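K.L.:
Each chain, letter by letter, is given below.
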Amino acid sequence: MFDHNKSRDENSNVIKYWRKHPKSIEKYQFVYHFLPREDKKKRADLLDNKAILIYCVLIVFVSVVFRFVPKFAPGVLGYASNITISDLLKYTNQKRKENGVPPLKLNAELSAAAEKKAQDMFKDGYWAHVAPDGTEPWDFILDEGYDYIYAGENLAKNFSNSKEVVEAWFKSPSHKSNLIGANYDEVGFAVVNGVMDGYETTLVVQMFGRPRQPSMLATVGDEKGLPGENKASAEGIEPASESLGESVSSPEQENSQETPSSEVGKEEYLAEGSYLVQSNANPAIDITTATKTVSLAFGIFVSVLLALDIIYSRKKGIRKFTGLTLAHFMVLVVVIISIWLVFKPGLVI
Amino acid sequence: MMENIKENRVEYFILLVAIATFMVLIYKFRFNKGMLIFLSGVGSASYIVWGVIHHLIRGKLTKNIVYEYVLFGLLVFLLFFSVLSF
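As they're listed, the protein sequences go chains Y and X.
Residue 1571 in my numbering sits at position 292 of the first sequence; the count goes up by one each step and never skips.
Residue 382 in my numbering sits at position 46 of the second sequence; the count goes up by one each step and never skips.
Think of the hints as simulated: they come from the structure by calculation, not from any bench.
Don't take each hint at face value.
What the hints assert, rightly or not - Covered by chain X, according to a simulated footprint, are these stretches of chain Y (three or more residues, beta-carbon under 8 Å):
| # | stretch |
| --- | --- |
| 1 | 1336 to 1343 |
| 2 | 1577 to 1583 |
| 3 | 1594 to 1608 |
Said to hold, decoys possible - Under 8 Å between C-beta atoms, here's a sample of chain Y residues computed to sit facing chain X:
| # | residue |
| --- | --- |
| 4 | Asn1361 |
| 5 | Met1400 |
| 6 | Lys1402 |
| 7 | Ala1447 |
| 8 | Lys1450 |
| 9 | Ser1451 |
| 10 | Ser1453 |
| 11 | Ile1564 |
| 12 | Ile1566 |
| 13 | Thr1567 |
| 14 | Val1573 |
| 15 | Val1621 |
Fair warning: this is a prediction, and the values are worked out from it, not measured in the lab.
Cβ atoms here follow ideal geometry from the backbone N, Cα and C, with glycine treated the same way.
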């Protein structure tokens, strides 16, 4: 049988003890940073409005630091990448095959023009089809002696791998028309690492063309400077599996009546082979990983606190005068999934 | 929790539809950063409006609750923006 008087005496003794030794319960007060308070009918301290405001300020502060670091230490922050020309060609031709368009052949002059365009962008610090001095993509192509009927250019930067580049191009209607354009027979790529706006990054330049004279079309012999994997792709060996990727492209076709290409120049360029090198940008800190980590850390921290609030409040029957905790939790889960799985670095123009 | 959902089932249904639409849109525009930033802003603002309207209908709207939704919407937008702006 329950002895009411005994229970009251025990409680009274406990309260007396607490009053005498306040430190004994103060040390447990920290749990209210993480758990809702029944007495005040509010959420955990770390979920109140002031705490959320502090998280917002901290996120802004970290973003500002990431913006300023490149000004004082260029190249420390950057975009890690692993992009190869052979993969770019493979995925490009996959897309063309899927759309019933003949595959493109890798052309040395177009690749040389793409390489020079990429280097020019790093040198003059611009990210555009037309250079600040008015130089157009076609000028680079013509300078390499590639006389064309049709030409086009796609640009990409900050991507981490070749498939994402081609997917991004395919996803953009304007770039897509270049990527699967039936007017092109040949393509050239450049994948160049450098520092732009203080961030180490990889620029990808893709140049398309149809030569004025059919005899100019690339052959296997023209690609003698390719490394093994590139050579296989250049010879038109199709990948075994289908790609689900997408890509972007902006059509910029132009007719030109310039001089035909120089065989000597081409051979010299192939001898250098610099545009055939695989790109592996390895900055000290990968900005994509860093920003995602910061956002996910805050998002997951607040989500866990909200989940604790939901579970603990239900268990203890606590009713609070606040917004809907479950709704906040659902929205944050969407944020975490989006940042983790959907958001990819990279820009195309 | 189930009582909470039952009590606010219309609001939660609207929220779920909005979340599903948002997820489809961000997947569709996953390579378009400008659009993703725009969607993040619209999504955060919509959530604030949803929360305020919900509490207004229930007659439970206070200044603190408005601040809470505004701050939470801001937090959501900043979590997106800090990733998308790089």
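K.L.:
Which of the numbered hints above does this structure break?
P.N.:
Numbers 4, 5, 6, 10, 11, in rising order.
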